[in-house]
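Note that the protein sequences, when read in sequence, are chains C, Z, D and Y.
Quick note on the working numbering: the first sequence kicks off at -9 and runs consecutively.
Quick note on the working numbering: the second sequence kicks off at -9 and runs consecutively.
Quick note on the working numbering: the third sequence kicks off at -9 and runs consecutively.
Quick note on the working numbering: the fourth sequence kicks off at -9 and runs consecutively.
By construction, these hints were calculated from the structure, which means they are not laboratory data.
As the structure is a prediction and not an experimental result, all values here were calculated from the model.
Be aware that one or more of the hints could be misleading.
One copy or two, it doesn't matter: identical chains are merged, so the pair holds either way.
Claimed, not checked - Cut-off 30 Å, straight-line C-alpha distance, at most; resulting in silico cross-link-like pairs (DSS-like, lysine-lysine):
1) LYS36 <-> LYS99
2) LYS136 <-> LYS12
3) LYS99 <-> LYS12
Number of protein chains: 4
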Amino acid sequence: MLFEVRSQNWEQRVRNSFAAQKFMDHLGARLTHVSPGAVDIEMELKGELTQQHGFFHAGATSSVADSAAGFAALTLFADGFGVLTSEYKINLLNPARQQTLIARGRVIKPGRTLTIAKADVYGLGDAEQVHVATGLFTLMSVEGVKD
Amino acid sequence: MLFEVRSQNWEQRVRNSFAAQKFMDHLGARLTHVSPGAVDIEMELKGELTQQHGFFHAGATSSVADSAAGFAALTLFADGFGVLTSEYKINLLNPARQQTLIARGRVIKPGRTLTIAKADVYGLGDAEQVHVATGLFTLMSVEGVKD
Amino acid sequence: MLFEVRSQNWEQRVRNSFAAQKFMDHLGARLTHVSPGAVDIEMELKGELTQQHGFFHAGATSSVADSAAGFAALTLFADGFGVLTSEYKINLLNPARQQTLIARGRVIKPGRTLTIAKADVYGLGDAEQVHVATGLFTLMSVEGVKD
Amino acid sequence: MLFEVRSQNWEQRVRNSFAAQKFMDHLGARLTHVSPGAVDIEMELKGELTQQHGFFHAGATSSVADSAAGFAALTLFADGFGVLTSEYKINLLNPARQQTLIARGRVIKPGRTLTIAKADVYGLGDAEQVHVATGLFTLMSVEGVKD
Chain C
-9 MLFEVRSQNW
1 EQRVRNSFAA
11 QKFMDHLGAR
21 LTHVSPGAVD
31 IEMELKGELT
41 QQHGFFHAGA
51 TSSVADSAAG
61 FAALTLFADG
71 FGVLTSEYKI
81 NLLNPARQQT
91 LIARGRVIKP
101 GRTLTIAKAD
111 VYGLGDAEQV
121 HVATGLFTLM
131 SVEGVKD
Chain Z
-9 MLFEVRSQNW
1 EQRVRNSFAA
11 QKFMDHLGAR
21 LTHVSPGAVD
31 IEMELKGELT
41 QQHGFFHAGA
51 TSSVADSAAG
61 FAALTLFADG
71 FGVLTSEYKI
81 NLLNPARQQT
91 LIARGRVIKP
101 GRTLTIAKAD
111 VYGLGDAEQV
121 HVATGLFTLM
131 SVEGVKD
Chain D
-9 MLFEVRSQNW
1 EQRVRNSFAA
11 QKFMDHLGAR
21 LTHVSPGAVD
31 IEMELKGELT
41 QQHGFFHAGA
51 TSSVADSAAG
61 FAALTLFADG
71 FGVLTSEYKI
81 NLLNPARQQT
91 LIARGRVIKP
101 GRTLTIAKAD
111 VYGLGDAEQV
121 HVATGLFTLM
131 SVEGVKD
Chain Y
-9 MLFEVRSQNW
1 EQRVRNSFAA
11 QKFMDHLGAR
21 LTHVSPGAVD
31 IEMELKGELT
41 QQHGFFHAGA
51 TSSVADSAAG
61 FAALTLFADG
71 FGVLTSEYKI
81 NLLNPARQQT
91 LIARGRVIKP
101 GRTLTIAKAD
111 VYGLGDAEQV
121 HVATGLFTLM
131 SVEGVKD
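The following block holds chain C by itself, in its conformation from the complex (with noise of 0.2 Å):
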């Protein structure tokens, strides 16, 4: 899908958020994607981010869903908006124990108070590619928020 930018500095806006996002950092996730309507975001296993089973923890698995999401909708928003998540549901669908998660946030539907994405986040093994999770955002563009 194409979408329409409704910012000059689109993309250094997402990159200046995702850098103030000091919960990004404190996961090790990183920026490795970012066009119009959608953005991906990696992170790596480690121990502090895993639950009692040694997987990564549902939470963080859905963390870095989440930032994609957001940050796939921002891209599309118009200066002088920031982004807030509204609400969203994510399926857990296999163990996430793969080296490498990557999350993959796209715009489904822009608009101009609510935005609709979805995440697919996928574990990047040796010589696999697991899917292991799929959820629907709901992104609130908040005028006079900084972003």
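Got chain C; can you put chains Z, D and Y on it based on the hints?
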């Protein structure tokens, strides 16, 4: 609601499993209440848990909600069964910028295979208690997974 | 929870809007309670509402839950604003095979643009009340839409 | 995606089960495509399916989405297993006021106990195709339930 426990060891198992979730430690989360079908988890606002506006990242908020719901389910499992999150949905109701978040996980319907739980997250400040998030969770009991 | 109404006409507006939902009539659904932030809708088991096992179809159950949540939100809207469902999530907890279903919609958080509500559906039989479904709903207030 | 069927009889079983869902008949819904992991259902705009603004009621839209997802799952079940919806989440993306709705159910991840599917609903008008809704569904296979 009163729930029947199926393990003599239910409380210790939950406490051990929480302690084994390194991600909870990485968030600075603490287990503050455990009873049959009910678990509370608390977490303090620190820079490393924030999004770009200085609030708790939705992912951090969701992570404690998910663990509270998951461990609430685990209190009711028989020995030899572990817990995995199958899916969840969460609504972020208000900005999470209070000093302390408390996630209250409560079982709605226990089951042999699937347990449905809710989690409500409140932000506790000096003079206020704010309803920050509410979510619904499907937890799966998996035989042979150690918890 | 006590909610402030923003219209003198809130109850009549909800009753008129319900009467205008032809789909509710097609389901045989009745509005049985209206108060600020709260609406109940009831429906009887008939063959035409069933899925292949003779239970209420999840779609029929969800439809009354959605309307109960939506009208609960509408009780709190100012004049000149209509209600649309933005999204929802529902868990089907038990087979819905009782004679009567009652969907209880309750506002969790009112808002100028988005209102979050829950709906719980119970099946009422001769000697039992079964929790059939629970859901979370995001309702949008739309200016200039007649309700 | 290519899926393995576990029944020789999968197509007939889905057609019979759809025919046994009286609620689908009540909505005037038709089964228009069946293949392994994929089912389409169509429905025409009639007054009895509308909400107060004359659009398809979100409940009607969700009902065909739910059935499309559920029958998509059923195509992959072994003989002797029936399908129940465990939970779903749906985003209503655009007003559903076109003449025909088509719900496309597609399996994302098959499983012995839980199958995850999505459904996208499109409104088909004279000169347009509008993405009306998108949802994620968890379907449960239940042994001994006839389908």
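Exercise. Identify every previously stated hint that the structure contradicts and give their numbers, smallest first.
Key: none
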